[in-house]
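Enquirer: Residue-level listing of the chains:
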Amino acid sequence: MTALEIMYAEVPAPPGAVVGVIEVIDEQLVTVAETILRSQRGVLLDIAPGRYLAQGRLASGEWVRTSFEVTAAPGQRAVLRGRPNADEPEASMVDGWACAWRYIGRRWLPTRPDLVDPHTVVLPIRASVLQVGGGDVASLCVVAPVGLPLVLRGPGPSGTWGCSLGPGIEASLLQYLHAGDVAAARTVARAARETVHAPGDSHNAMLDTAIGYHLLSTGQDEAGPWLEGLLWTQPDSVDVAVLNACHLMRQRQGRSAAREELIRASSGGLPVVARGLSLLLAGLRSIGEPVHAQRLDRYLSWHVEGPLTAFTGRTPDEPGPGPWNDPRPPEAVRLGRRAAPTAPATPARAARGLLSEALDILQARGLGTTRQYEAITVGDLSVEATVIDSATEGLFDFEMRGRPLTGPRRALLTGTTLSVQTGPTTHWLATFDQADTCRLRGLPPANWVATIRDRPAQRRLTARSIPLPRPVDNLVLAAATNEDATEVMRAITPSGTLLVLTRQPAGRYLLEVSRPSGEDGVLAVEYGLGRGESALRLLPFPVGGTNRSSAVVRLDGIDIRRPWHIAENLAARFVAECTVEDLTASVRAAASAGTRRAWRSLAADLPSAYRQQVLSQLAEYHPDESH
Amino acid sequence: MTTVYDKAADRPGTHALVIGAGHYPYCGPAGATASGDRGALARRFGPITSPSLSALAVARWLLSAQCDDEIAPLRSVELLVSPNTSASAGAADSPTHRAVSAAVQRWYQRCDADEDNVAFFFFSGHGCARGQQLLLLLDDFAESPLAPFANAVDVDPFIRGMNGCRAGTQCFFVDGCRQTPAEVLDFSRLETAPLIQPPFEWTFREAPLIYSTTPGSAAFGTEGEPTDFTTALLAALDGLAARRRRPDGPWEVTTDRLTATINDFLLWRGTPRQKAVGTGECAGRPIRRLAGDPRVPVRLGCDPREALPLAELRLVHPRAVRPELRRAPRAAPWEDRVLADYYAMHARFACGRFAPANADLLIHPPHVEFDLPVHADAVLGQANR
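Chains as they are written, first to last, in my numbering: chain A, 1 to 627; chain B, 628 to 1012.
Any given hint might turn out to be false.
Incomplete in silico selection of chain A near chain B, CB under 7 Å [to be verified]: (1) 30; (2) 32; (3) 221; (4) 224; (5) 227; (6) 253; (7) 297; (8) 303; (9) 305; (10) 328; (11) 329.
Since the hints were made in silico from the structure, they are not lab data. Built from N, CA and C at the ideal position, the CB exists for glycine as well.
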């Protein structure tokens, strides 16, 4: 068997997003595999040498097909390219607006959605309906999950606004479920469950719910335990209540419990999934609750086709044909080319510049040499810095807070990473939180050098990351002339992970990472190579041991003058979403027996083809350690 | 008479109920007698020919293709079609409510006899939706001016009623519009006479329910022909939804591929006016085993397209176990239905402007569209200079 990487090359979706499902057929016309397809990321398949056809219809409706031949050689790839549907003129979104709504028990309150770009919004916390309107057509109300991108489309030939989940595994699964493409839905759900073993694992409530719908509609025994998990992780979800009611209706003893769940669901708002509304109504009628059913039935009368519950409505409580002459709600954001993102990007950049100036001032005042309190104003930014005795004698705790001097209080520094250098190679990292505050504990007294760290501008590591300090040039030069390994940088992340970068005599760099034992997840580090490229290395950690566990990786080709960053505590599914090159290079770069043992252990949690890839790399490059 | 086939056997199999309603004598401008909204509603629905022809097509397919099936051989067919076409006149009883109710009783009892039975339900005719309700209008719809929907079938209770039937596989195909006429909005609920009293408790059954169109949309047919959905459904059942799971193994049609295959076929035939929707409960179960390889629709050409009018195209089986297929030079793509297999596609040019070309081509359901890359003939090009 050979590991084949199969990928979708078009760029309409974020890299790694699951965009559909394909089947792989051999020369004897046997369907040998059914797999998900990711945008610009390969999916590994174990496949015997031979000639094959790969074909499928993506969740977007696009048909993809390619033929390829597999040999015994490693590193083969099959690329599918779509034929885009006939170009439809992009419907104008000028004069469009979007408003979020929160359900607070019998009432809906409007609130402002987060505008990611002129075509994409995100519902804020506790909102559950997005309304899109404008252009003299009936406004569209969509019941949507919080936190996931919602892609908007202007009124097309049908005269209706459009809204759908952004590309991703949950969107693909819901689309296939909605279309009744059971085979494709099964493939997506199976892929999801290779790394998501229970609700909550994925930190993606919509995906967990979609899996619940799939398990119930296919009559699988896992539906019961999965629904129990959903009830635990999403106790207030209408969808979960509906699914639970359906499940109880299958239990001989569950009649009264099913009735309770149906009543509860009908009082809790609307389900996100359109199928859930149909199930709820059918259930209410079956238990003889016509009043509840009638109240919800009107939503189906003005239903707009799609996997999410959607209807034309003046407000979420008033479904109807429209259009209405009401002005747009004051909380609405404008869409289209006149829209401006509501995220304060410009003010944040300006605030970082002001913070940098403030740090220079603090440094000039001897930051870190003694207990101190400093209040500095630079432009519109007020910065307070406090250095106090730490609980450990002889060390300091440090806190910094920023706030705007004028205008409403708003977060300007959230997510910015601060590096405090306390010695030639030692850096302490902290990240400003939602309150624009960052803290560090147990720093040694010294003339601290505090700087803002930047992530690489073009990066492949898209998870929330921590930018790392760069080694000081003269230390690197000194290390170059040293015949022994020399430490050139040491950094401690906000979570207490210690990173030590050493330069080896042959010019190679090793990164040793140490963190408290018992912490889960993989660490990823992205660093710059020459010619503007970057490399990504994954680092699993050995399980067990004493207080801390340690892993070591070679950073081949690193250009230490360029920004680099890490992301911590990544789930195993992140590994399955990486490219084959990154996975292979990471395994080969494992620079300690403990790290290689950790890879062997992690491989057990990976999908089959990825597991084989990891084990084959370990066997090829460290055969003495293989077992 | 509605029972057109009854091979009563003690072994399980497929029991079909096929309905095509298109006469509607109490509807249309001539037939509607009620006043107000009820009258307006009845006048909205007139006679149509496609449903009767669709039901006949489905029944004929079952009788020709499913009788000897190895998985679920045909055991019975209840057929009710409106007599409003020359083909359907006299073929079976009209789908009035009384006749349908009696047919449902017989069909239910046959299906209920064994949990390995496959219940096959097909309806084509006018449909009408209101909120969650979708009603299938039988031929005597609006016979009672004050209660026009008394002679209609509410899909949801019907499906839920069938959940009480022991047949472990139940396939429902509903071919009708799902629009909401303005007149029904004034009614709080559309009251129908139930065909089956649904139980409260629910047992999982392999029960895909495939609608011919999306909620709120129309379903289309061409006068004098079966509907687009019916044609696509039969193509799927006939083999396009089939897959082979092992070398030299059989091709089997499974329930989980029906909807996607129907929609693929609708797209293949041109810009579809409608999109089928699959719902219900479905894990994927085989319902038919093909006797041979399926025939796959193909559309073959050349790249660049200007080479096509000059190209003699051939499909050749590498081991010559299938006859060679040829197409003389023509401007239009080569459209045909070819047995699924591995072929070599050849292009030959008598004019010499292009060099001969060939490529391996795997013909596999649901369709194949391929333009063979060809290149200008370099040798002849030099000679011409």
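Enquirer: Indicate, hint by hint, whether the structure satisfies it.
Expert: Hint check:
{"no.": "1", "hint": "30", "in the structure": "holds, 5 Å"}
{"no.": "2", "hint": "32", "in the structure": "violated, 9 Å"}
{"no.": "3", "hint": "221", "in the structure": "violated, 10 Å"}
{"no.": "4", "hint": "224", "in the structure": "violated, 12 Å"}
{"no.": "5", "hint": "227", "in the structure": "violated, 14 Å"}
{"no.": "6", "hint": "253", "in the structure": "violated, 10 Å"}
{"no.": "7", "hint": "297", "in the structure": "holds, 4 Å"}
{"no.": "8", "hint": "303", "in the structure": "holds, 6 Å"}
{"no.": "9", "hint": "305", "in the structure": "holds, 5 Å"}
{"no.": "10", "hint": "328", "in the structure": "violated, 26 Å"}
{"no.": "11", "hint": "329", "in the structure": "violated, 26 Å"}
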